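Chemist: Using the sequences provided together with the hints, build the complete structure.
Number of protein chains: 2
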Amino acid sequence: MSKIRGILDQNAFNMDSIDQADARIGALVRKRLETVGPTSMLFYEEPLHIVRGEGVWLFDDQGRRYLDVYNNVPSIGHCHPKVVQAVAEQMGTLNVHTRYLHEGIHTYSERLLATLPAPLNRLVMMCTGSESNDMALRLARRWTGRQGIIVTEAAYHGNTSAVTEVSPSSYKQGMPPDFVHIIPISQMPAQADPAAWFADQVRTGVEQLNALGHGCAALLVDSIFSSDGVYADPAAFLKPAVEWLQAEGMLFIADEVQPGFGRTGSGMWGFERHQVTPDVVTMGKPMGNGFPMAGLVAREELLAALNSDVGYFNTFGGSTVAVAAGTAVLNVLEEEQLMANAASQGEYLKQQLTGLKSSYDEVADVRGAGLFIGLDLCDPTQAGAPDPVRTTAVINELKRNGVLIGAAGKSGSTLKIRPPLCFGRAEADLFLERLQQSIKATAG
Amino acid sequence: MSKIRGILDQNAFNMDSIDQADARIGALVRKRLETVGPTSMLFYEEPLHIVRGEGVWLFDDQGRRYLDVYNNVPSIGHCHPKVVQAVAEQMGTLNVHTRYLHEGIHTYSERLLATLPAPLNRLVMMCTGSESNDMALRLARRWTGRQGIIVTEAAYHGNTSAVTEVSPSSYKQGMPPDFVHIIPISQMPAQADPAAWFADQVRTGVEQLNALGHGCAALLVDSIFSSDGVYADPAAFLKPAVEWLQAEGMLFIADEVQPGFGRTGSGMWGFERHQVTPDVVTMGKPMGNGFPMAGLVAREELLAALNSDVGYFNTFGGSTVAVAAGTAVLNVLEEEQLMANAASQGEYLKQQLTGLKSSYDEVADVRGAGLFIGLDLCDPTQAGAPDPVRTTAVINELKRNGVLIGAAGKSGSTLKIRPPLCFGRAEADLFLERLQQSIKATAG
Numbered sequence: 004m005s006k007i008r009g010i011l012d013q014n015a016f017n018m019d020s021i022d023q024a025d026a027r028i029g030a031l032v033r034k035r036l037e038t039v040g041p042t043s044m045l046f047y048e049e050p051l052h053i054v055r056g057e058g059v060w061l062f063d064d065q066g067r068r069y070l071d072v073y074n075n076v077p078s079i080g081h082c083h084p085k086v087v088q089a090v091a092e093q094m095g096t097l098n099v100h101t102r103y104l105h106e107g108i109h110t111y112s113e114r115l116l117a118t119l120p121a122p123l124n125r126l127v128m129m130c131t132g133s134e135s136n137d138m139a140l141r142l143a144r145r146w147t148g149r150q151g152i153i154v155t156e157a158a159y160h161g162n163t164s165a166v167t168e169v170s171p172s173s174y175k176q177g178m179p180p181d182f183v184h185i186i187p188i189s190q191m192p193a194q195a196d197p198a199a200w201f202a203d204q205v206r207t208g209v210e211q212l213n214a215l216g217h218g219c220a221a222l223l224v225d226s227i228f229s230s231d232g233v234y235a236d237p238a239a240f241l242k243p244a245v246e247w248l249q250a251e252g253m254l255f256i257a258d259e260v261q262p263g264f265g266r267t268g269s270g271m272w273g274f275e276r277h278q279v280t281p282d283v284v285t286m287g288k289p290m291g292n293g294f295p296m297a298g299l300v301a302r303e304e305l306l307a308a309l310n311s312d313v314g315y316f317n318t319f320g321g322s323t324v325a326v327a328a329g330t331a332v333l334n335v336l337e338e339e340q341l342m343a344n345a346a347s348q349g350e351y352l353k354q355q356l357t358g359l360k361s362s363y364d365e366v367a368d369v370r371g372a373g374l375f376i377g378l379d380l381c382d383p384t385q386a387g388a389p390d391p392v393r394t395t396a397v398i399n400e401l402k403r404n405g406v407l408i409g410a411a412g413k414s415g416s417t418l419k420i421r422p423p424l425c426f427g428r429a430e431a432d433l434f435l436e437r438l439q440q441s442i443k444a445t446a447g
Numbered sequence: 004m005s006k007i008r009g010i011l012d013q014n015a016f017n018m019d020s021i022d023q024a025d026a027r028i029g030a031l032v033r034k035r036l037e038t039v040g041p042t043s044m045l046f047y048e049e050p051l052h053i054v055r056g057e058g059v060w061l062f063d064d065q066g067r068r069y070l071d072v073y074n075n076v077p078s079i080g081h082c083h084p085k086v087v088q089a090v091a092e093q094m095g096t097l098n099v100h101t102r103y104l105h106e107g108i109h110t111y112s113e114r115l116l117a118t119l120p121a122p123l124n125r126l127v128m129m130c131t132g133s134e135s136n137d138m139a140l141r142l143a144r145r146w147t148g149r150q151g152i153i154v155t156e157a158a159y160h161g162n163t164s165a166v167t168e169v170s171p172s173s174y175k176q177g178m179p180p181d182f183v184h185i186i187p188i189s190q191m192p193a194q195a196d197p198a199a200w201f202a203d204q205v206r207t208g209v210e211q212l213n214a215l216g217h218g219c220a221a222l223l224v225d226s227i228f229s230s231d232g233v234y235a236d237p238a239a240f241l242k243p244a245v246e247w248l249q250a251e252g253m254l255f256i257a258d259e260v261q262p263g264f265g266r267t268g269s270g271m272w273g274f275e276r277h278q279v280t281p282d283v284v285t286m287g288k289p290m291g292n293g294f295p296m297a298g299l300v301a302r303e304e305l306l307a308a309l310n311s312d313v314g315y316f317n318t319f320g321g322s323t324v325a326v327a328a329g330t331a332v333l334n335v336l337e338e339e340q341l342m343a344n345a346a347s348q349g350e351y352l353k354q355q356l357t358g359l360k361s362s363y364d365e366v367a368d369v370r371g372a373g374l375f376i377g378l379d380l381c382d383p384t385q386a387g388a389p390d391p392v393r394t395t396a397v398i399n400e401l402k403r404n405g406v407l408i409g410a411a412g413k414s415g416s417t418l419k420i421r422p423p424l425c426f427g428r429a430e431a432d433l434f435l436e437r438l439q440q441s442i443k444a445t446a447g
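Quick mapping for you: the protein sequence lines, in order, are chains L and C. Take my numbering: the final residue in the first sequence is number 447, and no numbers are missing along the way. Take my numbering: the final residue in the second sequence is number 447, and no numbers are missing along the way.
Since the hints were derived computationally from the structure, they do not count as laboratory data. Possibly wrong hints are sitting among the right ones.
No distinction is drawn between identical chains; accordingly, a pair holds when it is met within one copy or between any pair of copies.
[Claimed, not checked] Think about it this way: if two alpha-carbon atoms lie no more than 20 Å apart in a straight line, the pair counts; the simulated SDA-like pairs of lysine to any residue are:
{"#": "1", "residue 1": "LYS34", "residue 2": "LEU51"}
{"#": "2", "residue 1": "LYS175", "residue 2": "ASP312"}
{"#": "3", "residue 1": "LYS175", "residue 2": "SER311"}
{"#": "4", "residue 1": "LYS34", "residue 2": "PRO122"}
{"#": "5", "residue 1": "LYS34", "residue 2": "ALA121"}
{"#": "6", "residue 1": "LYS34", "residue 2": "THR110"}
{"#": "7", "residue 1": "LYS175", "residue 2": "ALA15"}
{"#": "8", "residue 1": "LYS85", "residue 2": "THR96"}
{"#": "9", "residue 1": "LYS360", "residue 2": "ARG393"}
{"#": "10", "residue 1": "LYS175", "residue 2": "GLU303"}
{"#": "11", "residue 1": "LYS443", "residue 2": "GLN385"}
{"#": "12", "residue 1": "LYS402", "residue 2": "HIS217"}
Since the structure is predicted, the reported quantities are computational estimates derived from the model, not experimental observations.
Modeler: Below, the structure is given as structure tokens:
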């Protein structure tokens with residue numbers, strides 16, 4: 004089993020090495036295997052037993068603290084008291100589904116819709132980004148009458164049957180189905196004209212899907228290309244492709260599950276940097292800061308078309324408590340000006356990380372927007388080839404140095420930097436210091 | 004739009020009648036349409052604006068209280084303080100995913116697995132019953148290498164693309180796909196040999212799926228047939244069909260999203276009444292008493308097979324907070340002996356409801372187990388034909404009389420009785436009294 008590893012397993016604990024683990028950790032891992040089993044994956048060479056979280060910090064069972072540069076779900080900070088309070092109060096007052104009237108859902112929806120371009124005028128509330136992308140695929144296929152979907156090579160869009168098909172990073176064998184066309188975004192030329200290259204890739208994809216008889220329903224991308232290893236620039240590189248697709252009657256689905264809610268610093272949604280208007284926007288992870296909730300925004304006519312075929316109801320989606328959590332998150336984003344913080348701290352961090360390229364031959368590239376940054380590690384002795392082994396070593400060294408981080412990208416050699424948005428200058432400097440220590444410790 | 008109605012819309016507010024609604028309600032409905040839109044459905048001829056919940060009671064914005072005979076998510080009672088406290092405490096301490104070690108998930112999993120037959124030895128935690136059934140379909144198809152699924156005629160198993168295909172009650176047009184075989188459970192003979200009839204239906208389904216070249220992967224049923232209108236008896240009527248299927252290498256998936264967690268009174272899981280051991284058990288709704296969580300239990304080898312093809316991770320599934328909510332629910336179920344209460348109150352209620360058949364020609368049949376009971380309403384002037392119009396009238400009359408209830412069944416003429424499990428004798432009597440008033444008020 005340990006030999007079959009998808010991209011997402013890059014930083015996985017190897018269950019075969021359980022006997023080498025600390026006794027206390029080993030016992031917990033054994034219990035995990037005996038109860039949760041095969042689909043469960045643990046991080047790190049030696050898994051981490053976390054017991055407490057606060058702001059940008061996580062604490063293990065030995066009282067050791069870790070700077071969290073990984074978790075983008077608790078986007079306004081671990082255990083933010085305003086979300087905890089809002090959820091506790093609403094759970095103690097009323098927790099019901101959307102088939103009764105309740106003002107909260109309308110107020111929340113209006114507020115969220117106001118952050119999106121006008122044609123996107125309806126919000127469907129769900130529980131997970133997977134559910135949201137699952138519906139997005141259905142909306143696109145129903146609307147266009149076509150089956151094909153274009154995605155990027157290491158994309159992750161969720162875990163349902165339909166969404167796994169369009170999530171190459173989840174494949175271990177036997178995928179993709181031939182109605183999924185894959186764009187090798189890691190080959191996008193940085194210097195030439197990325198927008199023209201991307202548009203060309205999309206056109207080629209549509210031609211191939213047409214030739215196979217599937218046609219193309221939609222281009223589905225995470226607007227910061229998180230799992231692909233973070234491709235943010237140049238801004239607007241999606242524009243020609245999306246405008247051509249839309250003119251031809253196909254849809255553009257912006258998966259904002261990771262970049263959304265201010266993380267990119269320049270707007271609530273990652274697609275804004277690309278000067279496009281999606282047909283469908285999906286969102287999730289940070290929406291409730293850890294309270295399970297997600298959403299899909301689309302034009303009313305797309306939803307009405309699907310609704311004429313099948314009913315849709317989501318038991319927990321848009322519950323009074325989900326709405327309370329989501330509202331608290333929007334409040335905190337505004338009150339603490341976290342989008343501005345993501346912009347300024349992200350800019351500083353990206354500048355400093357880019358500066359490391361001149362000091363460390365192992366640092367090949369730095370890309371990102373706001374507090375979503377990818378840093379490629381390479382092997383200088385192998386003509387700068389991507390270096391997933393070193394990346395795993397750096398991740399584990401950083402953990403020993405009290406910093407939590409993960410990997411992304413087709414080859415698993417991109418450090419994925421996406422801390423809670425309340426990340427400050429002191430934390431950025433601490434991270435930069437520990438990162439350099441870890442690169443040095445694992446070099447050569 | 005109002006003309007296209009699935010079974011689930013039986014008790015839906017007709018958006019076309021918005022102008023007849025009370026001004027206050029009308030304004031809220033308009034706001035709903037402008038923000039949430041086409042996939043949103045509201046209950047009742049005039050929607051209800053609920054603002055508070057406690058135990059078996061819900062309260063509207065005018066301070067009026069309603070006995071809740073409908074909601075099976077807050078199964079241990081609306082806003083149960085022990086769940087609220089557990090969630091608030093854990094949210095304030097740590098809310099992270101399953102990729103770090105945390106003892107709670109193992110303890111919870113062991114406890115839950117102990118309620119299931121031994122071959123079912125692994126728990127995957129998710130957010131919704133839909134996600135759980137979606138994975139169940141994949142497990143069955145991966146394990147058998149076959150595509151076909153057998154379900155019942157008005158089944159509801161969730162809302163993802165894959166699960167909607169096997170949910171006839173969601174269809175409005177164009178379904179089912181030919182790899183879905185449908186059993187007309189409403190035609191199951193009550194007096195003859197229902198078990199033989201059901202087994203025969205399954206064998207016929209397998210033959211037809213084989214003839215179409217799909218083969219049959221699994222029989223998927225809600226073990227109390229909730230959406231079909233509640234088919235509980237005779238106990239063990241599933242046994243011959245399931246044993247034959249399993250002997251032939253096909254799987255039995257027990258959807259316990261509605262009957263699970265003690266509702267049927269005679270065990271934690273509805274399938275226990277049928278003396279069968281499922282290959283996969285899915286669960287959801289009451290698992291967190293309203294905190295969004297769900298689970299799938301299966302034999303390890305089924306999960307390992309899927310895991311060799313694709314990775315699976317669920318961001319919110321099995322989070323520290325979900326585990327806290329689920330643990331509190333299990334504690335309360337035990338402390339308040341709610342399963343025993345479901346058995347005794349359910350038995351009383353079923354007896355009394357059955358007694359109504361002799362007084363009211365409109366009451367055609369009563370079926371159920373524990374606190375999950377279906378009552379068929381018919382038109383005595385039409386040879387006892389199912390009467391969905393009367394059913395809708397009774398539901399709305401009950402609402403005016405302070406009782407919340409819904410409909411189920413292929414023809415939408417079954418009252419679906421499934422109150423929170425803390426439902427007491429006084430509430431049962433109140434319900435019986437109001438039900439009779441409502442039948443009288445709508446008769447003739």
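Chemist: Now, for every hint given, state plainly whether the structure supports it.
Modeler: Going through the hints against the structure:
With identical chains, the CA atoms of LYS34 and LEU51 are at most 20 Å apart within one copy only, with a shortest distance of 14 Å there and 47 Å across copies. Taking identical chains as interchangeable, the C-alpha atoms of LYS175 and ASP312 lie at most 20 Å apart only when they sit on different chains, with a minimum of 5 Å there against 34 Å within one chain. When the C-alpha separation of LYS175 and SER311 is checked against a cutoff of 20 Å, the pair qualifies only between copies, where the shortest distance is 7 Å, while the shortest distance within a copy is 37 Å. Taking the closest pair of Cα atoms, LYS34 and PRO122 come within 20 Å of each other only across two copies (17 Å); inside a single copy the shortest separation is 50 Å, beyond that limit.
When the C-alpha separation of LYS34 and ALA121 is checked against a cutoff of 20 Å, the pair qualifies only between copies, where the shortest distance is 17 Å, while the shortest distance within a copy is 51 Å. For a Cα distance limit of 20 Å, the shortest separation of LYS34 from THR110 across copies, 9 Å, qualifies, whereas the shortest one inside one copy, 45 Å, does not. Proximity of LYS175 to ALA15 under the C-alpha cut-off of 20 Å is restricted to the intra-copy arrangement: shortest distance 14 Å within a copy versus 44 Å between copies. In the homo-oligomer, the alpha carbons of LYS85 and THR96 lie at most 20 Å apart both inside one protomer (17 Å) and across protomers (13 Å), since each shortest distance falls under that limit.
Proximity of LYS360 to ARG393 under the C-alpha cut-off of 20 Å is restricted to the intra-copy arrangement: shortest distance 16 Å within a copy versus 75 Å between copies. In this homomeric assembly, LYS175 and GLU303 come within 20 Å of each other (Cα to Cα) only across copies, at 19 Å, whereas the closest approach inside a single copy is 37 Å. For a Cα distance limit of 20 Å, the shortest separation of LYS443 from GLN385 inside one copy, 18 Å, qualifies, whereas the shortest one across copies, 85 Å, does not. For a Cα distance limit of 20 Å, the shortest separation of LYS402 from HIS217 qualifies neither inside one copy, at 46 Å, nor across copies, at 49 Å.
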